[in-house]
Structures are given as C-alpha cells and as structure tokens.
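Mind docking chain L on chain Z? Use the hints.
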Amino acid sequence: MNRYNQRKKSEKRFRLYGVIAISMSLIFVLILMFNIFKAGLGGFYKTAFTIPFHFDQQLLKLEDHPSSEQIQKASFRKLIAYNFEIIFAGYSKEEMKDINKIFYRKIDQELQQYLIDKPDNLNKTINVSLTASTDIDQIHKGNFDRTISEKFRKVNDFQLKIYDELLEKNQVETKFNKVYFTTGDSRDPESAGVAGSVMGSLFTILICFLLSFPVAIFASIYLEEFAKRGKITDLIEININNLAAVPSIIFGLLGLGILLNFFGLPRSTSLVGGIVLSFMTLPTIIVACRASLRAVPPSIREGALALGATKTQVVFHHVLPLAMPGTLTGTIIGLARALGETAPLLMIGMVAFIINVPTSPLEPAVGMPAQIYLWSESAERGFIEKTSSAIILLLLFLMVVNFLSVYFRKKYEKKW
Amino acid sequence: MFYPLVALFILSALGFYLGKTKSIKLSKSQKLASLPNYYGYLSLFYILIPSLLLWFVLLTTQELILNKYIYSLMKEAIHTYEANELNLLFSKIQNIALGSSFGNETEFELFAASKVIHFKKIFILFTYFIILLSSILGFLVVNRKITPLFKSQRVVEKIVNRFIQLCSFIAILVTLGIFLSLVFETIQFFGYVNPLDFLLGLNWNPNKAFVIDSAEQIDKAVLKDAFGIIPLMGGTLLIALLAMMVAIPLGLMSAIYMSEYASKKVRDISKPVIEILAGIPTVVYGFFAALVVAPKIVEFGSFLGIEVSSESALAAGLTMGVMIIPFVSSLSDDVIRAVPQSLREGSYALGATKSETIIKVILPSALPGIIGSFLLAISRAIGETMIVVMAASLQANLTINPLEPATTITTQIVTALTGDTEFDNPKTLVAFALGLTLFFATLFLNYFALRIVKKYREQYE
Numbered sequence: 001m002n003r004y005n006q007r008k009k010s011e012k013r014f015r016l017y018g019v020i021a022i023s024m025s026l027i028f029v030l031i032l033m034f035n036i037f038k039a040g041l042g043g044f045y046k047t048a049f050t051i052p053f054h055f056d057q058q059l060l061k062l063e064d065h066p067s068s069e070q071i072q073k074a075s076f077r078k079l080i081a082y083n084f085e086i087i088f089a090g091y092s093k094e095e096m097k098d099i100n101k102i103f104y105r106k107i108d109q110e111l112q113q114y115l116i117d118k119p120d121n122l123n124k125t126i127n128v129s130l131t132a133s134t135d136i137d138q139i140h141k142g143n144f145d146r147t148i149s150e151k152f153r154k155v156n157d158f159q160l161k162i163y164d165e166l167l168e169k170n171q172v173e174t175k176f177n178k179v180y181f182t183t184g185d186s187r188d189p190e191s192a193g194v195a196g197s198v199m200g201s202l203f204t205i206l207i208c209f210l211l212s213f214p215v216a217i218f219a220s221i222y223l224e225e226f227a228k229r230g231k232i233t234d235l236i237e238i239n240i241n242n243l244a245a246v247p248s249i250i251f252g253l254l255g256l257g258i259l260l261n262f263f264g265l266p267r268s269t270s271l272v273g274g275i276v277l278s279f280m281t282l283p284t285i286i287v288a289c290r291a292s293l294r295a296v297p298p299s300i301r302e303g304a305l306a307l308g309a310t311k312t313q314v315v316f317h318h319v320l321p322l323a324m325p326g327t328l329t330g331t332i333i334g335l336a337r338a339l340g341e342t343a344p345l346l347m348i349g350m351v352a353f354i355i356n357v358p359t360s361p362l363e364p365a366v367g368m369p370a371q372i373y374l375w376s377e378s379a380e381r382g383f384i385e386k387t388s389s390a391i392i393l394l395l396l397f398l399m400v401v402n403f404l405s406v407y408f409r410k411k412y413e414k415k416w
Numbered sequence: 001m002f003y004p005l006v007a008l009f010i011l012s013a014l015g016f017y018l019g020k021t022k023s024i025k026l027s028k029s030q031k032l033a034s035l036p037n038y039y040g041y042l043s044l045f046y047i048l049i050p051s052l053l054l055w056f057v058l059l060t061t062q063e064l065i066l067n068k069y070i071y072s073l074m075k076e077a078i079h080t081y082e083a084n085e086l087n088l089l090f091s092k093i094q095n096i097a098l099g100s101s102f103g104n105e106t107e108f109e110l111f112a113a114s115k116v117i118h119f120k121k122i123f124i125l126f127t128y129f130i131i132l133l134s135s136i137l138g139f140l141v142v143n144r145k146i147t148p149l150f151k152s153q154r155v156v157e158k159i160v161n162r163f164i165q166l167c168s169f170i171a172i173l174v175t176l177g178i179f180l181s182l183v184f185e186t187i188q189f190f191g192y193v194n195p196l197d198f199l200l201g202l203n204w205n206p207n208k209a210f211v212i213d214s215a216e217q218i219d220k221a222v223l224k225d226a227f228g229i230i231p232l233m234g235g236t237l238l239i240a241l242l243a244m245m246v247a248i249p250l251g252l253m254s255a256i257y258m259s260e261y262a263s264k265k266v267r268d269i270s271k272p273v274i275e276i277l278a279g280i281p282t283v284v285y286g287f288f289a290a291l292v293v294a295p296k297i298v299e300f301g302s303f304l305g306i307e308v309s310s311e312s313a314l315a316a317g318l319t320m321g322v323m324i325i326p327f328v329s330s331l332s333d334d335v336i337r338a339v340p341q342s343l344r345e346g347s348y349a350l351g352a353t354k355s356e357t358i359i360k361v362i363l364p365s366a367l368p369g370i371i372g373s374f375l376l377a378i379s380r381a382i383g384e385t386m387i388v389v390m391a392a393s394l395q396a397n398l399t400i401n402p403l404e405p406a407t408t409i410t411t412q413i414v415t416a417l418t419g420d421t422e423f424d425n426p427k428t429l430v431a432f433a434l435g436l437t438l439f440f441a442t443l444f445l446n447y448f449a450l451r452i453v454k455k456y457r458e459q460y461e
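Chains Z and L, in that order, are what the protein sequence lines are. The first sequence maps to residues 1 to 416 in our numbering. The second sequence maps to residues 1 to 461 in our numbering.
The following block holds chain Z by itself, in its conformation from the complex (with noise of 0.2 angstroms):
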C-alpha cells in the first residue's frame, strides 16, 4: 500500500511540474509585458507648465502685423528672459539659470508657434503651456525618486522648490504627446518622435512584401505543381530550409556584403533593408503557400483541366485563388517577423541618427525595432520611457497584425 502512495504521489507532483512550467511562461510574459508598459505608457505624455506670456512687440523686435517668416526669423529669448523675470520675481542670476533648465530647452519654438498660428497674440498676456524639461518631467510622473540626495540628481532642490510652487498653483498639467507621434529622432527625449521610424519601417515592409510575395507564390507554383521530382528540386528545397534557419545578423552581412559593397545600393536606406528582409520572409511565405496549395483538393484541378483549361490557366486561375487565404495568413506572419528584426539593419547601417521623417525608399531611415535599439542606448533618463513607449506601439502592432492573420485564417479557411 505504501508503494501504491508513493506512485500516487510521484504522478502529482509530475503533473504539477508541467503546470509550474506552463504558468512560469504566462508569468515572464505578464512580468515582461508589466515593466514595459509601466515604463512606456508615461510616454504618451508629457508635462507642460501653463503660465501667462507676454508677447512685447519691442523686444521681438518685430512690426505690426508681422508675417510668418518675420516671427520665425525674430529671436524669443530676450523675451523668454523679460516674462520670466516678472513671473519668477526676486531671484538672483544664478537662480534664473537654474528655472530656465526646467522648462524644455527649446520653448523658443512652442513661444514662437503660438504666434505664428495666432499673430493678434502680439502685445497681449495670454496663457501659453510650455514643455517642461525631461528631468522634471520624469520627476512628475514619478519616475524618478526625488527624495534620494541631491548629488544623484539632476534637478536640484531649487528648482525643485520651483516646480512645487507651480504644483500648487495648478500650473502644471499632464498633456497628450502629440511631438511623439509627429517627428522623428532628436537627441532630446522631449522632441523625440517615433513618426521617423514608423514611415522607416513601413516603406521597409512594403519592399519587402513587394519583392518576397510575388516571388515566393511562384516557386511555390513551381515547386508544387511543375517542377518534376530530381536533384535540382531536392537542391532547391534543402536551401530553402536552409534560408530558414540561417540566424538574421548573416543576412545583414550578406546585404552588407552583396547589395552596399558590390551592388553599391544607397546605405541605410528602407529600400535595402525591405531587399535583405525579403530575403529572410522568403522561406516562410514558400512553406505558408506550398501547404496551401498542396490543401487544394485534385477534383479542382482536374475539373479545369476536363473543361480544356491548359496546365498553367488551372494553376493560375483555379488553384491559386483558392490556396490565397493560407498564402496571406503565412505572409502576414512572415512580415510581422520581419517587422520586428533588428540585427540585419544594424549591418546595413540603418540605425543612423535620423531627423527628418523619410519620405521614399531611398531616403537614409531607421526601422521601429532599430529605433527602439538606439534610443536604448542613450543614456538620458527620459529615453527610456520613449523606448518603452515604442515599445509599446509595436507590440500592439504585432498584436493587432497577428489577431487579423487568425480572424483571416477562421474565416477563409476551408475543409474540403
């Protein structure tokens, strides 16, 4: 009877190490998925302070009616430096110097926006909300302990002092980052955008799919349904297995090696990297679609071909249509993989510090991932939170990719 325990209890304790490994991999993904949107969510923000500005036309130096150009060419800092002597009145020099540094570095610009959109502003006191600094701004949102010794902080018990005062009189708020999703890299986290890297990583996907879709549905057709069995078919089939499992930083090199070095493509441009990705979605969009086509029954084929349909009209108007759904769901989930890789960019060089947002193929730009990479290793508190945030936006991008690759696959999927 003993024996008979012993066995019993050696079953459960086997079942409880397979639910312990179960529940230890939905724990890494909540533990993963907790830090990062606790980091990134923040990110979508930003914290401005509101406080009334006066835009004296004298020390703009501006005339009446001034057009856009003339307020974009007019210096604001004399102007900075009158409003904020009458608004942070009775402190010395030094001390000025210290409350300019919680304000963004370039509220020049959010200063002269408002009076470009708004050029009646000119001699009058309105409210305007100017960006606060990135290290206040990670202290508003708590992400930084401000009660550690000031020695470890960059923002100092004065201004910090400064920053309560403004607390109190509710001039600080909490804003929807609209810079975020409208610029590209910058090497301020508060003017950072991740609008750059998406078009990067669009116009990357899109060559990618442009090159490796048609060319992947017709080796399938070849391979599936003309070529005949024999050492050329095997020599194929070996290396596109072989394509799968090569590890991504080889395809770097090859485009490294092939496409910048001999080819002499333009370097860290979307149009390389969508060739070198294509390279790597080209596997798996093979297997997606041969399966496809090997699931479409003989009695379509052979209907069309009783009908006089020649081998090729069967393929390409009977077969084809009807493997699509597997084809694109196998398509989708290559190019979600594909939008994700990072380290065959790192070798084409398309993690370059790039402002503008690209606007073709051939423009230098950084994919999302890459992007993601970059601002990693920056060292200033405030990239963190973009790289989270970014983070964030890709993931739910794979998300929203992936559930409409099984709402496709649900309802186009046949059983014949």
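One should not assume that every hint holds.
[As the list claims (entries may be wrong)] Derived SDA-like pairs (lysine to any residue); straight-line CA-CA distance at most 20 angstroms:
#1 L:K22 <-> L:Q153
#2 Z:K228 <-> L:K158
#3 Z:K12 <-> L:V266
#4 Z:K228 <-> L:R162
#5 L:K120 <-> Z:G264
To be clear, the hints were calculated from the coordinates, so they are not data collected in a lab.
Relative to the frame of chain Z, chain L by itself:
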C-alpha cells in the same frame, strides 16, 4: 534610379494594350489561334524582359564606369597629389558630387565633382534612351508575330513557366550570395591574420588592429594574437547553455503537460500564450534584459554578498532562455504527439501511472526527436543577436562563470560593423570571418537536427 523602371512599366502596359487591340482587330476577319489577352501578354513580355535585363546591366555597371571615369579625371591631376591621397580624393569627389560640402574643396575637386554630376545626368538619359529603344524594338518584333495563326498562348505559357522556375532558383542564389559574400571578405581577412591564429587563438582584442592612417602598414605580428575566436565561442556557448538551462526544462515540461495532461480548453489557451513569447521582437527582450533582468540579478547578488557584473552572461542567458521556450515546447510537442497511441495503451495495461508512462515509455521513444528540437533551439540561441548586443558585454572573457561578463560572436559582428566601416582593415573584415563561422555552425546543427527528426519520424510512419 527607379524612375526608368516606372517608365518601363508604363511602356509595357502600353505594349499589352497595343498587342491586344491589334489581335482584336485581326479577329474580326479571321479566327484567332489564342485569346486576345495572350497576344497582349506576349507583347508585354517582349517589351519588358529585354528592357528589364538591360536596365539591370546598366544599373550594375554604372558604378564601375563612374569609378573608371573619376580615375581618368584624376590622372590629369595626378602630379599634384601624393599616391596615397588618391583614395581619399576619390571618395571626396564622390561625396561632393552627392551634395555634401567640406569647406576646403580645391578647384580641381569641384571641377571633378561637377563632371561626375554631369556624367550621372547623361547616364540617366542614356538609360531612358536604351529602355525606349529596346521597348520599340521588342514591340516591332512582336508586332510582326501577331498573326491570326500564331499560337501566342503556348509561347506565353512557356515564358511564364521559365519565369517561375527562375523564381524558385532564387533560394539557391541567396544561399550562394551569403556564402560568396562571406567567403570573399574572409579570404581578405586571412590575408592579415593566419586562419590558425584565428581559430585557435585565445585572445580577442581587435583594437590592436586600429591604425590612425589607413595608408600605414599594419604590423602582422601584432595581429597574431588579436583575433582569437576561442573566447567568443566560449562566451557564445556559455550564454547558449544558460539559455538552454531555462528553455529545456520549461519548454519540455510545458510540451509534456500540453500533449499528455491538458484538456483541450487549457491547451487552446496556453499554447497561444506561450507562442506570444516567440512573437515578441528580440530587441524587446534585449531591452528587458538590460533594463530589468540585469539590475535585478546584480541586486540579488549583492543581497547574497556576491559581486555580479551588470553585463553578466546570466542576464542575457536567462532572457534568451525565455525567448526559446516556445521553440522547444512546440517542436517537442509535435514529437511527443507523434508517438503512437499503442505504446501508451500498452504501458497503461501493464499498470503504469501516467507519469511513469511518460518518463519510461514516451520520452525514450520520442528522444531522438526531442534532442533534434534541442539542437534547433541551440542553433537559434547561438545566432541570436539583439539580446546579447544589448545585455551582454563587449569585453572578451574566457570564463565559465555566468556571473562574469562574456561576449558572443554575434555581438562582435555588430561591434565590428557599426560605426566607421573601412573594408581594408582586419578589424572590420573579421566580422565576415565570424559570420562564416556562425553560418557553418548553425548549418551543421540544423542539418544534424533535421536528420535526427526525420529518421525518427520514418520509424513510426
């Protein structure tokens, strides 16, 4: 660069239209051998294919011709320049032509750059001209062929078949491309460093190859012990091993639970959740490892009184292990499910419990496949780049202590090729030698793994 292509597509579309309308016109007087569309397609192919080939040839030779042209320009001014300045001058002229300015251009450089710009303009015009010419020629040829008796469908289908055959050869071409690009640069690298020193060297210190002036000769004696791959292999294996120590127990147990114990409901939920781990981009794991895992390990180490490096192999290894769980679990899941039901039933009939059946019957019979899946996972681990680039160290360190920093082959490839890349320095070229090593290592592992899995499958089918 790509506008000629657009022009070409418009021309071919025009060809399709003309071919089709001509055949329709013909069909009014006499019955056609094929449908009008096929005449259209035929004209399209006759215009597109030769022009496309010509365009590609021009595109690839443009750089070559341009280089020759710049050198011929430089020959006129060669007496004013030192021989070793020529390369510098060459790239400077190219850059000025691309629109960047240095502020110290000499008159000759500006003159040469303007010539280069002029050359490029003429070349583009020439490209358009060639494309137009070949399109017209192609159309004239095909136009004569379009007669009611001509069986265009047969020709079109033949072309299509040839084309899709070509497409399937691309897989071979890409593999060949990978191989050649790696081999060429590796041979160049071995011109600086003895292959044996590379494969058996115990020291990794590529900075020794750093020279300020590219014209300066690199001392080969110094390079003798600068590029030893052994420490990198050690680091790669260490991290891969740590990853497998996480992934094998968790992945295998999940697979066993899901295939043997779990109800369909549990399976339907847990499987996609584990697959999520495979869908997360590796750069996210890298960021997570550097931001969360590494500091926590350091914290835990100091709590225990052990000093842990902030770039320890452990942080990268653990995170990579989590990433690999789904590979191990889904591959082993397939293998375990392929074990015939009769074996299970036989074991139950002898009075074995479920766990006894799994450990003593199912796992042994599925072992080859499971080992195959482990090998695939290892090959995945040693080729993984972003996690180690972001979380592991850059310093080569031959150690088996997971708490110390370690570097990997992939990390060193990335370090060698980001930043300034000059292709006449072993410091850069070594990346390709490392890549080739990695390529062969993963190839070997995959080949081996697939063979084991295949052999096992045949056993039961």
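Agreement of L:K22 and L:Q153 with the hint, judged by alpha carbon distance not exceeding 20 angstroms: holds, 16 angstroms
Given the proposed pairing of Z:K12 with L:V266, does the C-alpha separation stay at or below 20 angstroms? Status holds; Cα separation ~18 angstroms.
Check the hint pairing Z:K228 with L:K158 against an upper bound of 20 angstroms on the C-alpha distance. Judged against 20 angstroms, a Cα distance of about 16 angstroms means the pair holds.
20 angstroms Cα cutoff - pair L:K120, Z:G264: holds, 14 angstroms
Pair hint Z:K228 and L:R162, alpha-carbon separation not exceeding 20 angstroms: Judged against 20 angstroms, a Cα distance of about 14 angstroms means the pair holds.
Consistency with the previously given hints is maintained throughout, with no hint failing.
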